[in-house]
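Here the protein sequences come in this chain order: R and C.
When we follow our numbering, the leftmost residue of the first sequence carries the number 645, and every step to the right adds one.
When we follow our numbering, the leftmost residue of the second sequence carries the number 645, and every step to the right adds one.
No lab work stands behind these hints: they were computed from the structure.
Hints are supplied without guarantee of correctness; some may be wrong.
Claimed, not checked - Covered stretches of chain C, going by a simulated chain R footprint (3 or more residues, C-beta under 8 Å):
(1) 678–691
(2) 697–707
What the hints assert, rightly or not - Below are the DMTMM-like pairs computed for lysine to aspartate or glutamate, each with C-alpha atoms no more than 25 Å apart in a straight line:
(3) LYS653/C - ASP707/C
(4) LYS840/C - ASP720/C
(5) LYS653/R - GLU711/R
(6) LYS653/C - GLU711/R
(7) LYS892/R - GLU814/R
(8) LYS653/R - ASP720/C
A virtual CB, placed ideally from N, CA and C, is assigned to each residue, including glycine.
Number of protein chains: 2
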Amino acid sequence: MDGVLDNLKLFDHVRVVLSHTTHPGNIGAAARAMKAMGLRHLYLINPRHFPDPQAHAMAAGADDVLENAVVCASIDEALQGVVLTVGMTARVRDISNEVSSPREAMPQVLQQAATQPVALLFGTEMSGLTNEEVSRSQLLVNIPANPEFSSLNLAAAVQVISYELSVASETCQPVVQQAQPAAHQQVEGLMTHLEKTLHEIGFFTTQNPSRMMQRLRRLYARARLESDEVNILRGILSVTTEYNARLKIRFQQEQSKD
Amino acid sequence: MDGVLDNLKLFDHVRVVLSHTTHPGNIGAAARAMKAMGLRHLYLINPRHFPDPQAHAMAAGADDVLENAVVCASIDEALQGVVLTVGMTARVRDISNEVSSPREAMPQVLQQAATQPVALLFGTEMSGLTNEEVSRSQLLVNIPANPEFSSLNLAAAVQVISYELSVASETCQPVVQQAQPAAHQQVEGLMTHLEKTLHEIGFFTTQNPSRMMQRLRRLYARARLESDEVNILRGILSVTTEYNARLKIRFQQEQSKD
Chain R
645 MDGVLDNLKL FDHVRVVLSH TTHPGNIGAA ARAMKAMGLR HLYLINPRHF
695 PDPQAHAMAA GADDVLENAV VCASIDEALQ GVVLTVGMTA RVRDISNEVS
745 SPREAMPQVL QQAATQPVAL LFGTEMSGLT NEEVSRSQLL VNIPANPEFS
795 SLNLAAAVQV ISYELSVASE TCQPVVQQAQ PAAHQQVEGL MTHLEKTLHE
845 IGFFTTQNPS RMMQRLRRLY ARARLESDEV NILRGILSVT TEYNARLKIR
895 FQQEQSKD
Chain C
645 MDGVLDNLKL FDHVRVVLSH TTHPGNIGAA ARAMKAMGLR HLYLINPRHF
695 PDPQAHAMAA GADDVLENAV VCASIDEALQ GVVLTVGMTA RVRDISNEVS
745 SPREAMPQVL QQAATQPVAL LFGTEMSGLT NEEVSRSQLL VNIPANPEFS
795 SLNLAAAVQV ISYELSVASE TCQPVVQQAQ PAAHQQVEGL MTHLEKTLHE
845 IGFFTTQNPS RMMQRLRRLY ARARLESDEV NILRGILSVT TEYNARLKIR
895 FQQEQSKD
């Protein structure tokens, strides 16, 4: 197959997601960096100023990327349909998620992009990804930098990641998988269901709910859940609460007999 | 040896040279990109505005790189002492110099930087390297880009190259060479000597001098001349003109006899 056409198809499944970007110039510079590497799908979660003339000035001809950008109100809206979210982080975090280098991660991104949408998620200029955004990522990527000055500009980080993806696409041969990976909203549905169930069965009386949910999220992020597996796990949760409900009814019946 | 110290030493031999940069903001953003990857020696050939508050604003903490930047009046001044100059090009040129990808080139840069100064040379924002700048480069590097939109921002190009150099330094083990590569000024001395000699011996009466010199420059750039070899070649040139001078004297003597 023609290499360029092949990349067009692969890159059609790649979205760059910028969360809460402060400076519109950075959005424009990121669009330019993307387009120069052949990427074109930009998602913006609550940008402070957008559209904005500064974004167009910095885009320097990548105006089509800006004009087609999807502005979203939440992370979940931006990740709708996505099967692999890669969060970019400058810090080593206390909760040790799997952290890869760009060169390690991009072949995995391409592998998924062969069949399903993937997201490259960038946090704000000042503070990077929030804990919530980290919790939505299956993979974290750190651009190796000077330990004494690890301050990459947002557009520079988009440039490095887009470049690595582009170079990887020249050599990577995605293998078509049999398994159907779970989409973002399926995983979120499972997490909501799980948390609700753990509340119902009284699991959280001795545990810190948010901390526990973060650990469970990490476990399932590592597992890269398949669509069928989400259904199985939710089936288990449904049966658990039904069992619990039956127990409650029986308990009430027992009590009313006394 | 400690990896970080090792890099500090290697990177001490690497200078980033920006030629005739138009926008001071790009100089600042380039300084930030360099520092984030552990590079610190910036050379500026005739920047339009420098020093400038915009450069400092975009440097975002890499002010030390700006403050130590060396402003030069000419390419030869900026390349003084350099044994390998890598020119960044966005175009395929009519005179087909050797063009590498960043990933291919950076191990060669590190190899030389182990013992001698090297230069990463970036042209202006609008038009890239001049023909003169290309002629001063032993190696040309092209950052692979979208054929329909290959417009990388200057600082983005500096970011990609610095990143590749940083990643290469993690794996590359420079081998200490026996041969002493010729420094930039030695090569330029040879070229001046060669051109002068070719004029003297009447070689240019049937040739376009500048075109011929460009071809000869390309030949010697490919050869990566050693210091001793420059001396040998200049020795040959000296003997050639001496021979030529003797011939002239004899010719004059023969004529005066008649």
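Checked hints:
Against chain R, the stretch 678–691 of chain C contributes 4 residues with a C-beta closer than 8 Å to a partner C-beta. That satisfies the three-residue criterion, and the hint holds. Restraint check on the stretch 697–707 of chain C versus chain R: 3 residues with Cβ-Cβ distances below 8 Å, three needed, restraint holds. About 21 Å separates the Cα atoms of LYS653/C and ASP707/C, which keeps this hinted pair within 25 Å; it holds. The hinted pair formed by LYS840/C and ASP720/C meets the criterion: a straight-line CA distance of about 18 Å does not exceed 25 Å.
Between LYS653/R and GLU711/R the CA atoms are separated by roughly 20 Å; this keeps the pair inside 25 Å, and the hint holds. With a CA separation close to 46 Å, the supplied pair LYS653/C and GLU711/R exceeds the 25 Å bound. A hinted pair counts as satisfied when its Cα atoms are at most 25 Å apart, and LYS892/R with GLU814/R does not qualify at roughly 60 Å. For the hint pairing LYS653/R with ASP720/C, the CA-to-CA distance comes to about 46 Å; that exceeds 25 Å, so the pair is violated.
Hint check: violations occur at hints 6, 7 and 8; the rest are consistent with the structure.
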